[in-house]
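Throw the hints in and build the complete structure from the sequences for me.
Chains as they are written, first to last, in the working numbering: chain L, 666 to 1058; chain F, 52 to 207; chain V, 470 to 880.
Bear in mind the hints are in silico, worked out from the structure with no lab data behind them.
Hints are supplied without guarantee of correctness; some may be wrong.
What the hints assert, rightly or not - Okay, derived cross-link-like pairs now, DSSO-like style, lysine-lysine, Cα gap no bigger than 30 Å in a straight line:
hint, chain 1, residue 1, chain 2, residue 2
1, L, K827, F, K191
2, L, K827, L, K680
3, F, K202, L, K919
4, V, K645, V, K663
5, L, K698, F, K55
6, L, K680, F, K55
7, V, K514, F, K199
8, F, K92, F, K202
9, L, K680, L, K826
10, F, K92, L, K826
11, V, K514, F, K191
12, L, K826, L, K972
If you're wondering where the values come from, they're calculated on a predicted model, not measured in any experiment.
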Amino acid sequence: MVKQDVAVVGVGLTKMGRRYDSNHSELAWEAIKELFDKTTIWIDDVDAVVYGTMDPFDGIASPERWDSSAYGIARGAGKPLVKVTTGGTTGMSIALSAYYHVASGLYDIVLAVGTQKVTEPVEAQEVLNIAVDPLFDRHTGVGAIAVGAIQASAYYFDYNKKIEEYMAIVASKNRLNALRNPYSHLKLKVTPEEALMAPYLIWPIKLLDSCPSSDGSVAVLMASDKVARKIFDSPAWVSAVDYISDTYWFCCNKGLSFWNSLAILARRLYRKAGISDPKKQIDVFELYDAFTIQEILEYEALGLANKGEGWKLLEEEATYPYGDYPVNPSGGVLSTNPVGVTGLWRFAEAALQVMDNAGAHQVPNVDIALAHAWGGALQFHALALLSRERKLC
Amino acid sequence: MEYKGYMIIPGKWEIEYRYAAGEYATKFFKGLMEEKIYGVKCPSCRRVIVPPRKFCERCFVEPSEWIEVGPKGELVNFVIVYRKFHGLPDPPYAIGLIKLDGADDSILHFISEVDLSSPYRALKVLKPGVKLEAVWAEEKKGMILDIKYFKPIETG
Amino acid sequence: MWDLYINNELVLIVEHHCAYRWCFLMDRVVILGGYATSMTDFNPKYQFYELPYVSSRELLTELGIDRGELDFIILAAYDHLDGRMISNMYTSMASGGYLKYESRVSEDSLYALAYAYMKIISGEADVGLVTSYATRETDMVYASNLVMDPLYYRNIAMNYLSGLALQASAYLSITKLQEYSDLIASHIVSQQRKAAANNPRAHLKKPLEPSDVISNEYIIWPLRDGMYPPATRGAVSIVIASEEYAKRIRTDPIVYIDSVSWCTDGYYLGNKLLYLIAPLMKASRKAYINGGIEDPMDIDLFLISDVTPFHYLMQIEALGLSPPGRGARLLERGEIGPSNTRLRVNPDGGSLCTDPYPASGILKLYEAYLQLTDRAGPIQLSDVDKVLVHGFSYLSGASSQSHIVTVLSRW
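Dropping the structure here:
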């Protein structure tokens, strides 16, 4: 039981993609403007701001200070602001930190925001290479793609030699979903066959198995139970959040073909929220699928499929928007990846689905939605459960 | 540079660092200079950790027993890079996790002396469990690249 | 207390709904203990993530808490200072975070404490570890240039030192103290260095006379060498817990966190009054209200981030201890100093002598904890029941943007 219940009462998104038309703080402003254009309150009503980004991508070490003017920080004598950054999970870490700002009872209206420009570094993989240990690992040039490839290669050897075909189905499914989302970056009409024919980046990951580099900004307004319904009449309540941090080092049972840490976290979250059967109780999933293989691993870790059988859901089309467990109806990370804010976008999309506000990619009758992000060397996971009802159990 | 009428200002981020190696990595790198690979054994869970580190993250205690491992080992997993990324090595090259003989943890390194021109050809030789051995650089500098790469051991 | 009303643009309004906020004092958060490694110059004895391991391990051993009992870990670090992107990939393990809830702020470490505080009062967690460290593997002045926006300020070679110097110079000109700048600054530096000489935990322990400071070269006018924080390497860990948890394992004096409050102002330098630390004014007023403090003079000890001697004065004023612009008078009358004065500020020597940024905030918190539990050794003061700790994210932003205040008390 938290001190105050927390709800999402508004979402502001920018068009994601190659945004050379606006600089960092202008992009931040765009999301804020979109948020407050649709909301009954104004920036001065916000009690505190939580910001996040993954620094080196922007080439600015603390872009939140430059952006802060867009968040109403410069009005009056200032506002509480804190910057969180945890790699790929940064976006969800923003949401989690904002959640605790409200849940603690210290603040009633909190703005969770992030802005990231991944197209500004000339080579994103070179930037990601800075993440790995300079003494032991950096020489190999490992970046995010290699990390995804290692999972795919492990799955290939452990479970399914035909996994590339199923990865191609994920590539096609999420790209087609993105066609219905006006904010997403890639608008590709690809068939699984085309995805399978794409050139290899890093075996077994091919071009269409990988996410793009996008620019974008996301703003989410969170409020306490005292004020939430005054701002938005059917808010998305945050039922439970949790986070896990596995080891950086690739020791033998970290789990490459099965995501142990996510499985542990999911059980922890389900217990906290009183979810006994995620397949039945959760209506839509917004997962962090930077690479196609990860969506399959996430099915298994979240309990939608048995170990080594995640690909079967694709055969049954269960994770298509019209299936039993729609996954990434927004187009997911495969279509749009502004790294540091991607997690917040997953959170926002899950909230939009619950608020019945997702637009063309709205899944009918969503009561409970799950948002996920992973980060680091396959080691961090964050999960948030959003629901239409204030109390789940 | 311009894009649809908007200016693009070039920039660069170069920060110099002096990375401290500390006791454990120092001993490891000094070992590499003598063509020896060292790991440490966690006194609590008995895992042999390579590359060595000051603590076992699970037991949260300091390992103190040094153990020589390798230079042979087995491949745990690997990937093959086919795309040129700015600032990173020229493709194709393979990166693998190698569990050295006597170790419980894997180290990350290049795998070479394999035909990498296509995954199909490479997969004929490379698969988890394949035996590898370290190839040493001629000139040792006290860094991870003193092991030049790992290569498959010819069997029978 | 002093509140400022400056035309219509910048008005500080204190929120007076104390009654509503007071209810949160019901369930309180306790500092169980802290540990700081020795504070030194850069040295390669430890790899960067081994530093937080040392402080966390020592602290858990000292408290007799198993790693498994911790509910969460919160870190404070900057990637560009560590030279590793997502540096918490390593440090979260090193702080005992394996398979635990973990998060990281890129701010002064007191912000990490604030996160931990919120997590505990929300009722979801009982005990957590806050860790921060400084490795000094890179040059902070250049690294802070990269904080600036790439279009306007970065090419003007703006960095944290020039930001601090800009504020100092604005303060000197508004108070018409330019002529006395060296006199005042050298007095403060020397007073703090002498205090640090008694503190076994300080970094710069060599006492300085005011004349030594005045003879130093200018680095960025009006700052001379010695008038800005040293590059200190070290790590600090703190364990905080709910009162219920603390009472289960401890019987000795308990240190409570009465309130935490923080505030940030705008980025553009032309848009704010540099000589006024408005965010600190706002943050401290809120901390006083939430902590039930009617007059800040009631606080027994202040541990502030005196990053330059001029900030020492500006921050004393912003905390409401002196009328704006009159801070130097307190010095003249001998009413303010490290000990034996009416207002006791930084008996440990302060940021001018020890500054493992971004661990500075929780290092001060650790010093406050030691004072409140009578364990501060040679610098122990008498009658310390309430302490204010101030943290300053001076690396983020162009000039004095983010300040955080926490009030601690002994019951």
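How the hints compare with the structure:
1. Among the hinted pairs, K827 (chain L) with K191 (chain F) is inconsistent with the structure: their alpha-carbon atoms are about 43 Å apart, more than 30 Å.
2. For a cut-off of 30 Å, the pair hint linking K827 (chain L) to K680 (chain L) is broken: about 36 Å separates their Cα positions.
3. For the given pair, K202 (chain F) sits about 25 Å from K919 (chain L) by alpha-carbon distance, which is consistent with the 30 Å threshold.
4. For a cut-off of 30 Å, the pair hint linking K645 (chain V) to K663 (chain V) stands: about 28 Å separates their Cα positions.
5. Pair hint K698 (chain L) plus K55 (chain F) holds up; C-alpha atoms about 23 Å apart against a cutoff of 30 Å.
6. Restraint check for K680 (chain L) and K55 (chain F): satisfied, since their Cα atoms lie roughly 16 Å apart, inside the 30 Å limit.
7. A C-alpha spacing of about 27 Å is found between K514 (chain V) and K199 (chain F), which places the hinted pair at or below 30 Å, so the restraint holds.
8. For the hint linking K92 (chain F) to K202 (chain F), the alpha-carbon distance of about 26 Å falls within 30 Å, and the restraint holds.
9. Note on K680 (chain L) and K826 (chain L): the hinted pairing is violated, with a Cα-Cα distance of about 38 Å set against a maximum of 30 Å.
10. With a CA separation close to 36 Å, the supplied pair K92 (chain F) and K826 (chain L) exceeds the 30 Å bound.
11. With a C-alpha separation of about 22 Å, the suggested pair K514 (chain V) and K191 (chain F) falls inside the 30 Å cut-off, and the hint holds.
12. Of the supplied pair hints, the one linking K826 (chain L) and K972 (chain L) holds, its CA atoms being roughly 15 Å apart against a limit of 30 Å.
Hint check: violations occur at hints 1, 2, 9 and 10; the rest are consistent with the structure.
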